[in-house]
Amino acid sequence: MASLSVKELSKNFGKLQALNNLNLEVEDGEFFVVLGPTAAGKTTTLKCLTGLLTPDEGEVHMDDEAVQALSPAERDVALVFQTYALYPRKTVFENMAFPLKARQMSPEDIKTRVTEIAAKLQISPYLDRKPAQLSGGQQQRVALGRAMVRDPRIFFMDEPLTNLDFKLRAEMRAELKRQQQELGKTFFYVTNDQVEAMSMADRIMVLNQGVVQQIDVPETIYDDPANLFVARFVGNPRMNTLDCTIDTTNNTISGEGWRLVLPELVEHFAINSDNKQSYIMGIRAEDIRIHRQAQDTFFAAEIFVTEPLGDKTIVDISLGDVNLKVREEAGFDLAVGSQVWLELDASKIHLFDKTTHKSIRKANS
Amino acid sequence: MATVQLRNIEKQFAPDAIAVKDLDLDIADGEFLVLLGPSGCGKTTTLRMIAGLETQTQGDIHIGNRLVNGLPAGERDIAFVFQFYALYPHLSVKDNVSFPLRAQNISKSEVDSRVQDVAKRLRIEHLLKKKPNRLPGGEQQRVALARAMIRQPQVFLMDEPLTNLDAELRADMRAELKHLQHELGTTMVYVTHDQIEAMSMSHRIAVMNEGVLQQVDTPLNIYNKPQTLFVATFIGSPPMNIIECALVTEDSNSYLKSDNLNYKLPNTIDSTSQQVYFGIRAEDLSVASDSTADIKGDVILREPLGDETLYRIDIGSQILNIKTSPKVRLTIGDTIGLNINATNIHLFDKESERSLLH
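Residue numbers (this note's numbering), protein chains in the order written: chain H, 1 to 365; chain V, 1 to 358.
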């Protein structure tokens, strides 16, 4: 087990800056997830930490040991790529024994170690089988078992669930998180899937274009995103965003086709009292209510389409040229083109600076 | 626009390889029907038989009032869309959209008016002269959708057209496609293995498994009143919890009994089934105080998703999924009680796996 500390890490590939001044601390036993789109720098980060790439600048410590000068093997970490990277012709036992054989451990010791780990992962009955004879979940455990036999300090995982189908992926998510909780090992997990990140992580680091956007617990990433990128990358459906103008002389927030008087909004956000300023407003689908009658604080819009999902309904609303997504109860249904009125939960409105895209934090928090 | 009628359709690729068995399906004029199922269920074969790309071994297919058995694909007046392919970067939006009409003998003024019409419906009129690679992703996809739907066939047939798009674009395109189909009113048969696409876009879903049609119904009925165990567990995320129980009648009340459950059903079930699968969705289990709990278990995992939170509860014999508001905070390791939402119970006979309720 080990903690991990990264200071001022940078990596360039020629003129391309893949990582720019990355700083992070992972605690012993933490499930830490790096989340970002393609080319965010996630895999480069993982490779720099495991020693597969040499960073241009920066320090990496595991526990209190500086590891920059160590080879991947000397760092004593495990790398798990995709689930199915097992040797198909070898038995489960042989797959799990492989890393130990490579280290020339005696056959008796190998047997003891593999048996012990197999019991822990509840795969003891399958040791003589070939991977193809196992379910996806069992294969996942074998892959993890192969990494565990060496008792590495940290498990590094690069999108291990990517090639699984939707259902198996949900199962594997839960299984992996439970195993991590039971083992108490430090996991450093890379993914582009925000559902995986939200559901598994103790903390998430959102990365984009080589720059850290935010590091925090899943709930804070979702409820209080630091910038527009995080706001729109995390959450399904993604956060609705609208160009808006705030006029402090009459406490209004408005955009094309809509206008709200919200005195508390102007009080709650750290905005200066110049008369008119432009921002980007963000509001999540579950923080909008649809009404069939007008009220002063509502604004008019039109049903574009309704999408029943069984446990809830996603309603697409057209507001001028923009479409909004609203989460409604299961069974909600209105015809395409119906006029409706929208109510926003003012306490759940996010404001982002138009230039920097940073969140305009609430004044009192 | 037209109806599509499948009667006693069978498709056999080899003596022991029956892809589609005894399929009857009536698709209404203007309907958006989704064929849903896992890979190998026969959904694509069915679509290809409607298109004329495969010939059924047995049975009749009507499009409109026309029997189309033996008619080649080109004479069926259908448009088959595989994927919303990448746009031609060197052509303008207008030329991209009108591309499928090139091979047909359609006058220039007719082409122009069709392009205008579909562009208006998809809000891309102002983009017609631009090159597609200058446009943001969402607008590019609307152009691709316009190109796919510029023809005016009797029926659109689509085979997983959204598969290769990223999650965000896919969500947008679902809404656009559903809206456009509503506007055009053209009959649509759409194949997918993605239950979210099926639920969100269709008028009705035909669920298939191993070549056999399981159920044809509206999305909400498929979700709320599944007729087979397969439909129940295929639709919904997380999948429906299934508990194997004995169905017992005592004092004219029906009970579900297993090692961890002794639950009185709200209505007496008149059935000869003794062993049943009891199904309950994650959102139909709620956290209860100990004294009123229907089931007890230990919290073993928490999965926050932002707008809702999933928990896994170990009830001894198995693990149940529950779905709660993000405000509910349970502690890993705690023993909690669960209440069953009695109005949303599902029961399936263990042998036939058919619903005893719906």
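Derived from the structure by calculation, the hints contain no laboratory data. Here the structure is a predicted model, which is why all the values come from computation and not from measurement. Virtual Cβ for every residue (Gly too), placed ideally from N, Cα, C. Please note that a few of the clues may not be correct.
In silico BS3-like pairs for lysine-lysine, Cα to Cα no more than 25 Å straight-line [stated by the list, open to error]:
hint, chain 1, residue 1, chain 2, residue 2
1, V, K323, H, K348
2, V, K225, H, K312
3, V, K350, H, K167
4, H, K312, V, K327
5, H, K348, V, K327
6, H, K167, V, K264
7, V, K323, H, K167
8, H, K120, H, K90
9, V, K350, H, K312
Computed footprint of chain H on chain V, listed as stretches where at least three residues anywhere in the stretch have a Cβ under 8 Å from a Cβ of chain H [stated by the list, open to error]:
hint, region
10, 96-109
11, 198-211
12, 216-226
13, 266-276
14, 298-312
15, 323-336
Hint by hint, here is what the structure shows:
1. K323(V) / K348(H): holds, 22 Å
2. K225(V) / K312(H): holds, 16 Å
3. K350(V) / K167(H): holds, 23 Å
4. K312(H) / K327(V): OK: K312(H) and K327(V) at ~17 Å, within 25 Å.
5. K348(H) / K327(V): Holds - the C-alpha atoms of K327(V) and K348(H) are around 15 Å apart, at most 25 Å.
6. K167(H) / K264(V): violated, 31 Å
7. K323(V) / K167(H): holds, 16 Å
8. K120(H) / K90(H): Holds - the C-alpha atoms of K90(H) and K120(H) are around 21 Å apart, at most 25 Å.
9. K350(V) / K312(H): Violated, because 30 Å separates the two Cα atoms, which is more than 25 Å.
10. 96-109: violated (count 0)
11. 198-211: Coverage by chain H holds here, the residue count being 3 at a Cβ distance below 8 Å.
12. 216-226: Holds, because 4 residues of the region 216-226 of chain V bring their Cβ atoms closer than 8 Å to Cβ atoms of chain H.
13. 266-276: Violated - the region 266-276 of chain V has 0 residues with a Cβ nearer than 8 Å to chain H, which falls short of three.
14. 298-312: holds (count 9)
15. 323-336: holds (count 3)
Violation of the numbered hints given earlier is confined to hints 6, 9, 10 and 13; the remaining hints are satisfied by the structure.
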